[in-house]
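Asker: Since the structure of chain P is provided, determine the placement of chain C on it from the hints.
Protein chains in written order, with this note's numbering: chain P, 1 to 155; chain C, 1001 to 1189.
Derived by calculation from the structure, the hints in this document are not laboratory data.
Please note that a few of the clues may not be correct.
[Claimed, not checked] Over 10 Å on every C-beta distance to chain P, these chain C residues come out as not near it, computed from the model:
hint: 1; residue: Ile-1003
hint: 2; residue: Pro-1004
hint: 3; residue: Gly-1033
hint: 4; residue: Ser-1041
hint: 5; residue: Phe-1049
hint: 6; residue: Leu-1101
hint: 7; residue: Val-1104
hint: 8; residue: Phe-1107
[As the list claims (entries may be wrong)] Per the computed footprint, the stretches of chain P lying under chain C, defined by three or more beta-carbons under 8 Å from a beta-carbon of chain C, are:
hint: 9; region: 47 to 57
hint: 10; region: 65 to 73
hint: 11; region: 138 to 151
Note that beta-carbon positions come from the ideal geometry of N, C-alpha and C, so glycine has one too.
Listed below are the residues making up each chain.
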Amino acid sequence: MMQVVSIPPFERFYDDHREEVFGYLVRLLGRQPAEDAFQETFLRALRAYAGLEHGRHLRAWVFTIATRIAIDERRRERPRGELPELTTIDRRPAYAELADLAGSLPPAERAAVVLRYGYDLPYADIAGALGSSEEAARQAASSGVRRLRRKEETG
Amino acid sequence: MTIPAEVDRRFRDAAVAEGLVDAAYDLVDSPIGPLLVGASSQGLCRISFDADRDPDAELERLADQFGARVLRVPAQLDAARRQLDDYFEGRRRTFELEVDLTGVPAFQQEVLRELALVPYAETATYGGLAQRIGRPKAARAVGGALNRNPVPIVLPCHRIVGASGSLVGYAGGLDRKRALLDLEDAGVS
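Just chain P, with the same shape it has in the complex (with noise of 0.2 Å):
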């Protein structure tokens, strides 16, 4: 039978779920941009709110409205090629590293492999983030991975 989850308070979703958002969004956007990301994800977040069925998922719900609103800040805001700073504070060392990495990749390469190998999130829940099918959240993993080792390869 499958369990009932009840959706909770908001302050215990956005107090779960917060921090790490924050983190992801500095990470795909640079700090400053990171700020607005933030507070815009969590307002469509509230809006949605009283509308969500049950309290599965609100994780990867979360992550993808995030990767939606850094996308498209993301396509607006930057001219091809130039980068935002990235901030390398952090407690788990691989998360900066591959912030630093990804920082190059097109948008949805970036949040596919910053989702994918930083947050540990399938790729059912990747490919709701970025819009796309399974198959072409696993592509674009695959082909950002690619790119970093490229450019790894050619310093």
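Answerer: Showing chain C alone in chain P's frame:
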């Protein structure tokens, strides 16, 4: 990654400004322990003594009653916090706050409205309150209604005592009831 306090605060204030919060709450320090104080868009809807014991359960109750969009927004509770501070320091005898009794059963609302008329530093009995609402035999039911008072202190159920003058009971515990009555006694002497 830790969120700058300013970013966090801005989100919370924006949520209220957009009308997206069903119930805002904050924790308020008091001489009788931390209080969880909640407000809907209609007014003050909760004062809970369980702030430190089980805050999650209190948030669940707020969500059940007002909607899942329960958010800690200190700015929304500024007026209540100020008035409570003044009350505990003996500078205030009556509260000027809208109270939201949405979801409170009709009988209990009737009891709470009558309760609100019991003056500072005075007491009334359960039976007396029952009489005032025209149900002289309902002292026990009045006790039950007071026990579930969503906004104690502001609606002063601590001022209701047994026929013999004994304190009888209080949802926040008898120590708190005694402390509130002592505070009010000191306030008038």
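Asker: Each hint should be assessed against the structure and marked as holding or not.
Answerer: We went through each hint and held it up to the structure:
no.: 1; hint: Ile-1003; in the structure: 5 Å, violated
no.: 2; hint: Pro-1004; in the structure: 7 Å, violated
no.: 3; hint: Gly-1033; in the structure: 21 Å, holds
no.: 4; hint: Ser-1041; in the structure: 14 Å, holds
no.: 5; hint: Phe-1049; in the structure: 19 Å, holds
no.: 6; hint: Leu-1101; in the structure: 21 Å, holds
no.: 7; hint: Val-1104; in the structure: 20 Å, holds
no.: 8; hint: Phe-1107; in the structure: 28 Å, holds
no.: 9; hint: 47 to 57; in the structure: holds (count 4)
no.: 10; hint: 65 to 73; in the structure: violated (count 0)
no.: 11; hint: 138 to 151; in the structure: violated (count 0)
Hint compliance for this structure: hints 1, 2, 10, 11 are broken, all remaining hints hold.
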